[in-house]
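**Student:** For reference, the chains in residue letters:
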Amino acid sequence: MRTFVAVSAAIAFVFLVAMLYLAETTTVATRGYEAQRLAQQRDELRRQNALLEVESARLDSPARIDAEAKKIGLVRVATIPVVQLEPITAKR
Amino acid sequence: MTETVSPRRLRAIFALFACATLLLSLRVGYWHTLGRGELLESATDQVRNDLVLAAQRGVIRDRNGALLATTVPLRSLYAIPKRIGDHDARVAAAAALAPLLGTTSDAVLGALESGAEWLFLRRRLPEDASRAIESLGIPGLGFETEPKRLYPNDAIGAHVLGFVNDDGAGQYGVEGKYDALLRGVPGRLVVERDPKDRDLAVGLRTARAPIDGAAVDLTIDLVIQTSAERWLRDAMVKEKATGGSVIVLDPRDGAVLALASYPTYDPSAVAKADPQALMDRAVSWTYEPGSTMKAITIAAALDQHVVTPNTTYEDKGYAIIGGRRLNNALGKSYGVSTMTQILEHSANAGAVFVGSKLGAEQLRSYLLAFGFGAPTGIDVSGEAVGEVRPLAEWYPVDLGTISFGQGIAVTPLQLAAAYSAIANGGTLYRPYVVAARRDADGEHRTAPVAVRRPIGADTAATMRAMLTSTVDNGIAKDASLQRFSVAGKTGTAQIPSDDGRYLDDAYVSSFAGFVPANDPRFVVVIVLERPQSRLLGTLTAMSAFRGIALDALRSARVQPDRP
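These protein sequences, in sequence, are chains A and B. Take 3 as the starting number for the first sequence in this note's numbering and just add one per residue. Take 127 as the starting number for the second sequence in this note's numbering and just add one per residue.
The hints are simulated quantities; they were obtained by calculation from the structure and are not laboratory data. Don't take each hint at face value.
Covered stretches of chain A (chain B as the covering partner; in silico rule of three or more C-beta atoms under 8 Å from a C-beta of chain B) [said to hold, decoys possible]:
| # | segment |
| --- | --- |
| 1 | 9-19 |
| 2 | 27-40 |
| 3 | 79-85 |
Ideal Cβ placement from N, Cα and C applies to all residues, glycine included.
If we strip away everything but chain B, and leave its shape as in the complex, we get (with noise of 0.2 Å):
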């Protein structure tokens, strides 16, 4: 007996079936239409790699092609410890890595044992280190590069270049100055890849290639760096100084060939430096001045034709301003004195009896003219503007005591900017680090800028035969070079406390100079902070002066202007 269905039954089967496939087939139709950009978007999500494409960070030169930052992608070492094997598995690879890593096998250990899927063993490794790895051949372990910045000169220039940190900003220098323009613009690449993840060629791609950044040239002289570099530090450790600086200005057009500060710091290893190292006490720290502003002061006198170089006055080894009495160094008297004699004793009395000619408005006016008192302009980060106070807050006696040099803040670059005005016949330049810079456009060269003229050309030809006579008759005689016109002047400075008197036992001792004092091609400014030999830190700044100025002679090859 055959059991049959009922048609009823039948009916609502066919009817489930056929709901089933029309709902089946609106589902087909709407993915097919409407949700076709919603499917094909997931579907591709799992292939597409949307990636972005790394400038590459601009290279930095000197003035003569020697590199001095540039970045490599170096290689970091990750590791995906259950591919690895098993616990022996691990204290072997670990016991392999750890040497080349400079590390313990334990330390290597416990990082592939921590329950990480995968991690950095290393970031950034030595090129012999990860290859060293690699002929290992430990089953999973990998590469991956990263761009690092390196400094090939180690801790040379450290202050000029700055340095760049771990997110790749510049900070500091040229490398935080020149941030936008070095770092270039990133790319971006979006394309399917494959299980392997590989770039597939066809399918979906598209790309925007990054802008690489410029390359700067420095107007730093790599040579001249080094020399001032290493002079300063064998200054600042014999007289174990608590900071010191060098600045190598060409006077011709403000172009900065040498900027040292001590102590200092390797910018490839910035965790690792003093705080205090990173600061550029060639531009951003301020300092009284002392005796080396006596030029400046004597140059404005004789700008204004209030004094010649051979106008006299009587010193008594002190004057008397503002109802102060204002002593020369240790006491010392020199009867009858001219102009070029006060710069040659380095004669307080004779600074105030200048300044007392010119008078606090035409003294201030002058010093503002030379740049004090305001950013140089100079492009690197964190330039310090010093101070010159307004005459409103000027007492009587400041007139004498900012005529040679104290309660008046500079920055050894501001000095040095000043002296090389004297230098070159009278005009003030912005000093500048960055000479050239070169992108996808060309290059693109920096102008000097003359920022005005403080003084005349007669008067900084009087100033440079002055100055002179001080190396060769006065007090600088320690700065003279063989075969060489010098040109310069001794700076010794009280250090203000806190109370606003000076310390007792504390100075700067500094050096202010050109050479050839004939045709000046450098200017050297040396300062070192609290020497330990006191009045006698000039001595040493002197010698470090004459140290970097022969080795920038001999660097470029400058003929002697003397028999």
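Pulled out of the complex, with its shape left as it was, chain A reads as follows (with noise of 0.2 Å):
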């Protein structure tokens, strides 16, 4: 009798870590594909990021504002008057 319960437990040991084993492979395996899947968020978010960044540099730049501007009709100023400090700090 006492043989029957060691050879069961030494079975039962056997097959819980076995179990422990499968279960923690198992969950290298699916952290491995969820690793895997943020990794394919991160690298679309970016592409997405360098896109969006392209676009705001196509709508800052300076031929495309000066064109638009031409399309609304204003013109390029002639001069820009441009105060002295001096004088202005001179009056306080």
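Mind docking these for me? Both chains are given alone in their own frames, and the hints should help you get the complex.
**Tutor:** Encoded structure:
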């Protein structure tokens, strides 16, 4: 009887160890897939960010702004008056 | 009656099985010992992926951080025709795809029914098109990302930037010159994959991360660059000129603020560009500069103290040198004239007078000191050298013609660098376009390089005053600006023909100048090749100079130096 119990316990122990190992391996694999999914998401977000930066640069382009300004009838100013700082300071 | 098997037959069968078992055991033993590695490798090969991890090509920005060039993975559309379905399904798919791909449904259908098992339908699609195609949900279609170099300002700065070819290699401009720096080092990933082609977290995995290319900040100012290209384009259109270029330098350190060449191209669509448009006419093209060179001749003579600004000569409208008669433009004579008036009138005879005072050896020595006849060392690809012939090849008349800029070949960039030396007090700087590069080790800024001092500070100051007078009182009046002092000189040069003579009716018109003349911040050189108004092409060049200079002064918020 004692032998039977010992053998059963040993089998159960080995089974548990095997299950633990399998659970660990499965968890690692699952996390791996999750990490891969997140990496893909990160890469896509980076890509979208880069595309947005390009779009922003296109919109900020002086050539585009110049063309758009002309379309709505704006013209370049002939002169820009510059206020000298010294006289204003002197009046204070 | 039972049939018995003879013991001999039994022994034979046993021996056969024993031999087979032995052979099988030996084979199994081999695969577990000596052949284990080979077996493992062939098994692993079926699930292993050996990938090259592309390095991200470095970003290029202007001096204020504006994006000039970047690499973005764009989606390429591929198809597996068999998975799309039968002929009717392919026809329907082609009809749906055609408008999004900007082509005909027949063209798409032709591709789908070409017999290929897998094919790209369109590479590097615009993002909105790829999203629209994705939303169609057509089976058998898929996307792969491929890197694409994008230039958000289209053709602006094309010649200073260069482009990246289909193999990912930089060509021309900064992309070509700094290709090794920008492209980075690719990495490698070896990983096992599951039947769904996903990376496995367990098992074999070796990786070497890619090293991204360095980011590069240019000295270029996008606002000034855009202005230069706009004014150059307008001048080219007005004059129906065959080519043109603009250089804007910061004379204080040689930084290139703008570099424009026309005709130009879109670096994102180089395949459609005219091959002639690829040439950077500011750096890679040489011409005989004409009268802009008179400033260099007079600077040399002043520096050698063979003349002063008030030295006079009798201008008869021509000069005789080496037995040849060299005339002023339109044969005009100016009587008794000072050195300043030589510049104000752009008198060829006066330049010959100064050249004769200086002598061929000294003139050539100063030309070389100002950087002509040698590359400036600018950090873009394809710089031309120009030509200052050895003294042994000079005919006596060459002293006269070279004094007013004929018989010598220069690049617009060399001329801008030489005028910068006059503007900054006498120091010739090496022009440069890369202000800094940033990589994993941090930021590395480019130190300006002072090459030499061709003239002294006093000479430079005198020349600034003389060139200012040329704009205020002389031939370059059209280059003047309200409330800013301007110094500069026009140039109209004949074009040599293949037979060594000059073309009768074709000129190169140019203007070289700097603002504000009292404390120069910008040196601008504009060159127009074969303007239709011929001798009057300098008027258009001066108009473009004025526009570019004003935009640059406004952009840099430079205070006016005149009431």
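**Student:** Against this structure, judge whether each hint is valid.
**Tutor:** Do the hints match the structure? See the list:
Residues of the segment 9-19 of chain A with a Cβ under 8 Å from some Cβ of chain B number 0, which does not satisfy the need for three, so the listed coverage is violated. Three residues within the 8 Å Cβ limit are the bar, and the segment 27-40 of chain A against chain B gives 8, so the coverage statement holds. For the segment 79-85 of chain A, the proposed coverage by chain B is satisfied: 3 residues have a C-beta within less than 8 Å of a C-beta in that chain, meeting the threshold of three.
The structure fails hint 1 only (numbered hints given earlier).
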